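First to last, the sequence lines map onto chains A and B.
Numbering-wise (my numbering), the first sequence opens with residue 1 and increments by one.
Numbering-wise (my numbering), the second sequence opens with residue 440 and increments by one.
Derived by calculation from the structure, the hints in this document are not laboratory data.
Since the model is a prediction, treat every value here as computed from it, not as a measurement.
Beta carbons are placed, not taken as given, at the ideal position from N, Cα and C, and that holds for glycine.
Please note: incorrect hints may appear among the correct ones.
[As the list claims (entries may be wrong)] Distance condition first, Cα-Cα at most 27 Å in a straight line; then the derived DSSO-like pairs of lysine-lysine:
#, chain 1, residue 1, chain 2, residue 2
1, B, K567, A, K17
2, A, K19, B, K645
3, A, K17, B, K549
4, A, K438, B, K645
5, B, K525, A, K19
6, B, K505, A, K2
7, B, K526, A, K19
8, B, K528, A, K17
9, A, K18, B, K647
10, A, K17, B, K566
11, B, K647, A, K433
12, A, K425, B, K525
13, A, K17, B, K526
14, B, K526, A, K2
15, B, K645, A, K433
16, A, K438, B, K505
17, B, K566, A, K19
18, B, K525, A, K9
19, A, K2, B, K552
20, A, K18, B, K566
21, A, K9, B, K526
22, A, K438, B, K647
23, B, K505, A, K9
24, A, K18, B, K573
[What the hints assert, rightly or not] Partner residues are not named here, just some residues of chain B that face chain A (Cβ under 8 Å, in silico):
#, residue
25, Y516
26, R521
27, L523
28, Y524
29, M527
30, A583
31, E656
32, V697
[Said to hold, decoys possible] Which chain A residues stay away from chain B? Per the calculated CB distances, all over 10 Å, these:
#, residue
33, Q3
34, V7
35, V302
36, I372
37, W391
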Amino acid sequence: MKQIILVLKREYLTRVKKKSFLLATILTPLLFPAIIFGIAYIATRDSGNEDKEVVVLDESGLFGDAFQGADYNFQFTTGSLDDAKAKFQEDGAYGLIHIPEIDLEDATKTFYDDFSFFSRTNPGLQVMEDFEGSIRRALEKIKLDRSGIDPAVINSLKVRVDLDSFNLSETGEAKESNSGLSSVIGYVFGFLIYMFIFIYGSQIMQSVLDEKTSRIVEVIVSSVRPFQLMMGKVLGVGAVGFTQLLIWIVLMFTLSTVGLSILGGGEGMEMMANQMPQEVELTQAQEMAANVQNMLSTVPVVQILISFLFYFLGAYFLYGALYAAVGSAVDSLQDAQQFMFPIMIPIIAGIVALGFVLQDPHSGLAVTLSMIPFTSPIIMMARLPFGVPTWQLLLSMLFLVAGFIGTIWVAGRIYRVGILMYGAKVNYKTIAKWFTMKV
Amino acid sequence: MNILEANNVSKAYAAHRALEDVSIAIPKQSIFGLLGPNGAGKTTLIRIINQIIMSDGGEISINGEKLHPRHIEVIGYLPEERGLYKKMKVGEQLMYLAQLKGLSSGESRKRIKHWLEKLGLTEWAGKKVEDLSKGMAQKIQFIATVLHEPDLLILDEPFSGFDPVNANLIKDEIFELREKGATVIFSTHRMESVEQLCDDIALINKSKKILDGPKKEIQKSFKSNKYQVNYKGQLSHLSSGFSVLESGVLEDDLSQAVIQTQAGQNPNELLSELISKTEVHGFIEIIPSINDIFIQVVQEGQS
Chain A
1 MKQIILVLKR
11 EYLTRVKKKS
21 FLLATILTPL
31 LFPAIIFGIA
41 YIATRDSGNE
51 DKEVVVLDES
61 GLFGDAFQGA
71 DYNFQFTTGS
81 LDDAKAKFQE
91 DGAYGLIHIP
101 EIDLEDATKT
111 FYDDFSFFSR
121 TNPGLQVMED
131 FEGSIRRALE
141 KIKLDRSGID
151 PAVINSLKVR
161 VDLDSFNLSE
171 TGEAKESNSG
181 LSSVIGYVFG
191 FLIYMFIFIY
201 GSQIMQSVLD
211 EKTSRIVEVI
221 VSSVRPFQLM
231 MGKVLGVGAV
241 GFTQLLIWIV
251 LMFTLSTVGL
261 SILGGGEGME
271 MMANQMPQEV
281 ELTQAQEMAA
291 NVQNMLSTVP
301 VVQILISFLF
311 YFLGAYFLYG
321 ALYAAVGSAV
331 DSLQDAQQFM
341 FPIMIPIIAG
351 IVALGFVLQD
361 PHSGLAVTLS
371 MIPFTSPIIM
381 MARLPFGVPT
391 WQLLLSMLFL
401 VAGFIGTIWV
411 AGRIYRVGIL
421 MYGAKVNYKT
431 IAKWFTMKV
Chain B
440 MNILEANNVS
450 KAYAAHRALE
460 DVSIAIPKQS
470 IFGLLGPNGA
480 GKTTLIRIIN
490 QIIMSDGGEI
500 SINGEKLHPR
510 HIEVIGYLPE
520 ERGLYKKMKV
530 GEQLMYLAQL
540 KGLSSGESRK
550 RIKHWLEKLG
560 LTEWAGKKVE
570 DLSKGMAQKI
580 QFIATVLHEP
590 DLLILDEPFS
600 GFDPVNANLI
610 KDEIFELREK
620 GATVIFSTHR
630 MESVEQLCDD
640 IALINKSKKI
650 LDGPKKEIQK
660 SFKSNKYQVN
670 YKGQLSHLSS
680 GFSVLESGVL
690 EDDLSQAVIQ
700 TQAGQNPNEL
710 LSELISKTEV
720 HGFIEIIPSI
730 NDIFIQVVQE
740 GQS
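In isolation and in its complexed conformation, chain B is listed as follows (with noise of 0.2 Å):
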């Protein structure tokens, strides 16, 4: 079951297409990357989700049923562009923002005080916004973005100007929010920050989409059976089908070298063969990250 289905979304501005027939779909429960560099188009994806803007063309669901205003509360967001109004109190504020996202006042003061508990910030609740430090009021716009439990949590570029406490605590709370049966979309440009976290992904470049599916998936097909070995001892006349493409010294006597295999071999092959000459001490196999897979697509797409 998808907790939303995109297809063939297009939108241009006057200048240029921002999205061109972008189709995705996001599995319940699971956290999803929609990556691509900057100005690839996930943010207009993002604000057509929120239905801050329409989209040209295309359709898209939550549920199984069509964007609808009343999807607004369901759906927590955490913009790229995001603040607090500075003269608001702590507790003020996220009481506004609740009510905006439909809760009730009385719930609302419940489960502000939960967050504000679990997050340590209890005593702040009375406080300007302006007396927050810059990690403090980061929490607040987190704790605002899931006050009203969303189905769907959107976050642009979530971990920019986090320092890296916030951002382990941050990282936690949506694992455990995914556990309770949230889903969540991850937008970044810095793909090795949240390459870890995701199960399913999206590559965007210049308003398409160029990849999408399980991550493993993905890694899997654009494995080139690679393997970084650590050894000591000489590394000569490896029998055919394995190449050694690099190697250098580590430290001392131990050495470094990557050695790719044809296409059907196992790697058991390649390790009795270096077992059997050489002391080996380390064997990996080298699996590409969403980055190296990024740029292989665009610049095959580009040839």
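One chain only, chain A, in its complex shape (with noise of 0.2 Å):
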């Protein structure tokens, strides 16, 4: 025990100590809204469409008034479509459509195809779709006038419905719950151990395969058996992941209390200096705030937040242990890809299934890949938020525990060969062999 913890300890510590971890600690919270910001400010910035010119040649001349209140600058034109195309040529414009005739006395034709865009590039879906709206807005309320059909009987068969729902307990107390919420937050834990798998699973691979290729491994495991050195790089580089997400934490916490009290504290200001709007605004605030934290309350926060930590240190165990192996396994970063693949499998499997898991986080295939231990962190994170029943939580829990003690052992067997094994052609049949050796 005592040589484990001096192999975490030194583990932990050069990693802790070097810069790139403080870097990755303090900007990845801040990097994350900040990219999320700026895509979503430049996208706003881009739908500006007011300064492009788009030509309209209406052949039919019907759609005068069809294109006011849009985004772009319309102009109508008349004449000829080569006449159109060549000016179109000539002035810079970014788009010109062409509507030709349309025969509207066939009042069962509900298909219109004969319209053109043209432009000098490519146009994006959202342009074209637009356009297509526009145009088939106008034929609607042509064709609905000519009909002579009231348009308030129409406006009247058009009806909205909001379906709130609730969680029934047994004791038959209901809760209000928010799939839509529930969906976000399964996808971010979810996600979230996904990522750590991944990064903290290869920063293992890394420190196996490093004492392996400068040759000291075999001075340590003449100190200490393999193991412990084992155990003691997968619990330190866990310490050094656990330490990172608590700093996550508390940092993402601070930020948006000190951004909250900022944005608070500058609307109080604003409602010294002229009262009656901004009160308005204030009360619409209080209630969003309000209503968020009312989402809140549908979704079993501390079961979630606690049972995340157990998922993660238990996913990282899991996998750890095998990214362990596969770095004794080798001699270099290359050779490890041909081992990674079956190690990846399962962490893919559950990220491509996250999705079909959150759409129905009560279905057998949920359930199940909740309770396989190589898929469980990702799914059962994604379950948690929609209410999971303590039994299949528990259960969940108990596989992942026999899982990550499995592969921990199926690991330490390869790991105690493979690292004194130096330029050796190794292939999964020599692993098997490693596997099964009496060392």
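Both chains are sitting in their own frames, so use the hints and assemble them into the complex.
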């Protein structure tokens, strides 16, 4: 045990003291929101199309006001299509829409495809949808007018529905649930676990590989049992991940608190300056905050957080041990690729299944995958916000513990032989041989 | 008193037998040569002693006790495949390795300081290993091996990769440690490199021990009564019993010959005959080298 702690301490300290750790730990919580806001900002700026001139050649004469109020700067023109094209080439307009004569006599005709759009570059999907929508709405309106139906009748036929969902507990207490929020939380936590497996798993592998290539491993195993060395390493790197996670949680919490108080403070100041209108806004903001709080109360937050720490550690042990075994078997990162494949398959399967699970978190697929130790950390975290029966959660955790004890045992047997094999040609058969070998 | 005894130690891997019934005894405070060609099984035996791998059969005892994990602390092992953490500082690295061997941090610090001073590396303590020259890194490896003052030092191919200056420095340190009570096992396939250092040897070939004992006695038993003579004059008409095996001219009128006497004959008899016939400039008994003995034993075993 003393030896494991010594190894753990070294693994932990050499990593935590690195500048790159400090940078990643501090920058990541800042970087992610920055990237998201950055993309959102650019996206909103980009959608400004008012400057784009689109020439419309309407031969049917039906669309006089169809393009009013749209985002583009529409210019109507007359003449032949060829003239319009030539002019378009000279002018430098963004696009040219051609609307030919349309036969509206046949009231049963519902599909129109004679329209053309010309532009210098391939227009995006959004642009095409915008124009199609404008033309469709205009045609619908014309056809409605001609049919003689009162538009009020049509409007009265359109209804909106909002289905409130409740979780009915065994005691008969109904609790409002929110599947949108649950999906987001489920996705975020499932994805976080996926990310951590990758980042810290490969760190373990790298560390094992370094000891092997620097040839220090035989010196170390003359003082420490190979299993102790492997466990010290897995625990040490895990502790680094845990530290990073805690710092991120604390940082994000502080940042959001500080951010909110700055926003709140600003509002307060403005309110002092001119009383009435701001007060209305404030109550709206308050209402929104209350809504968010309400929504959060529909999700078992404490259960999710505790489970997250558990599944985080479980997944890490399960896969970390396997990464250590791969690192011990090979002499370089390139050689490691072939053995990474079977480890990645269940992780990727978990991430792919995540979408289906979020659509129906209580389906047979979801329950099964949340029991299998190789996928349960991702899938169970995704299911938890929707409410999971306690017996399922406990059983899944039990399987996960059994799972990581199993992989650590298997990995330990491969590791103890692999670390002392230099330059050996390794394939799955040799690894199987190592596994059964008496050492 | 033997510090280490191995009795009938065997080890088999899937494809081949690495050790077959090997027994050795290593006297305390001696320098022991574990000699044999590559792949003979030396490293396997050493790994078993270091408890890195387990033997299939046989017994090993250290100071009369059956091999136990606590013996890790009395052994210092310098493996053939050796290295250091490249990104770690020299001082921290030695600290880590010393603590793994059971030293307290205070004691480790004291000894690290002492050894770094002794080998002139004090100002490198705060440097990373990757900044060190190869020779300095080798010295650090040696320090790491001896920091916990092991009773038994096991050095696998210790001088491979050492430059001659460092090799001599390390040799001196090894002798000094022996004076202080340590026992040293040298394992090497380059027999000439450690021949003169060893008190006792064991020859291992193809997973079997073929010969062991005090080096001097082994050499004595393989002596074939050959003498090398440098002389001036004509070496002819030697009395019966003396046969000239080879002869040649060294320079000008100085010649050299190898003469074999019969068992039981005294070298003085040969010398007095030589003096009566030639002018003797040199006379030395040819002691067979361990390498020659090894080759002889292996060839005898094959025929």
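How the hints compare with the structure:
{"no.": "1", "hint": "K567(B) <-> K17(A)", "in the structure": "holds (14 Å)"}
{"no.": "2", "hint": "K19(A) <-> K645(B)", "in the structure": "violated (51 Å)"}
{"no.": "3", "hint": "K17(A) <-> K549(B)", "in the structure": "holds (25 Å)"}
{"no.": "4", "hint": "K438(A) <-> K645(B)", "in the structure": "holds (21 Å)"}
{"no.": "5", "hint": "K525(B) <-> K19(A)", "in the structure": "holds (17 Å)"}
{"no.": "6", "hint": "K505(B) <-> K2(A)", "in the structure": "holds (23 Å)"}
{"no.": "7", "hint": "K526(B) <-> K19(A)", "in the structure": "holds (13 Å)"}
{"no.": "8", "hint": "K528(B) <-> K17(A)", "in the structure": "holds (12 Å)"}
{"no.": "9", "hint": "K18(A) <-> K647(B)", "in the structure": "violated (50 Å)"}
{"no.": "10", "hint": "K17(A) <-> K566(B)", "in the structure": "holds (15 Å)"}
{"no.": "11", "hint": "K647(B) <-> K433(A)", "in the structure": "holds (25 Å)"}
{"no.": "12", "hint": "K425(A) <-> K525(B)", "in the structure": "holds (26 Å)"}
{"no.": "13", "hint": "K17(A) <-> K526(B)", "in the structure": "holds (12 Å)"}
{"no.": "14", "hint": "K526(B) <-> K2(A)", "in the structure": "holds (24 Å)"}
{"no.": "15", "hint": "K645(B) <-> K433(A)", "in the structure": "holds (23 Å)"}
{"no.": "16", "hint": "K438(A) <-> K505(B)", "in the structure": "holds (20 Å)"}
{"no.": "17", "hint": "K566(B) <-> K19(A)", "in the structure": "holds (17 Å)"}
{"no.": "18", "hint": "K525(B) <-> K9(A)", "in the structure": "holds (17 Å)"}
{"no.": "19", "hint": "K2(A) <-> K552(B)", "in the structure": "holds (24 Å)"}
{"no.": "20", "hint": "K18(A) <-> K566(B)", "in the structure": "holds (15 Å)"}
{"no.": "21", "hint": "K9(A) <-> K526(B)", "in the structure": "holds (16 Å)"}
{"no.": "22", "hint": "K438(A) <-> K647(B)", "in the structure": "holds (21 Å)"}
{"no.": "23", "hint": "K505(B) <-> K9(A)", "in the structure": "violated (32 Å)"}
{"no.": "24", "hint": "K18(A) <-> K573(B)", "in the structure": "holds (25 Å)"}
{"no.": "25", "hint": "Y516", "in the structure": "holds (4 Å)"}
{"no.": "26", "hint": "R521", "in the structure": "holds (6 Å)"}
{"no.": "27", "hint": "L523", "in the structure": "holds (6 Å)"}
{"no.": "28", "hint": "Y524", "in the structure": "holds (6 Å)"}
{"no.": "29", "hint": "M527", "in the structure": "holds (7 Å)"}
{"no.": "30", "hint": "A583", "in the structure": "holds (7 Å)"}
{"no.": "31", "hint": "E656", "in the structure": "violated (32 Å)"}
{"no.": "32", "hint": "V697", "in the structure": "violated (44 Å)"}
{"no.": "33", "hint": "Q3", "in the structure": "violated (6 Å)"}
{"no.": "34", "hint": "V7", "in the structure": "violated (8 Å)"}
{"no.": "35", "hint": "V302", "in the structure": "holds (40 Å)"}
{"no.": "36", "hint": "I372", "in the structure": "holds (33 Å)"}
{"no.": "37", "hint": "W391", "in the structure": "holds (43 Å)"}
Checked against the numbered hints above, the structure breaks hints 2, 9, 23, 31, 32, 33, 34 and satisfies the rest.
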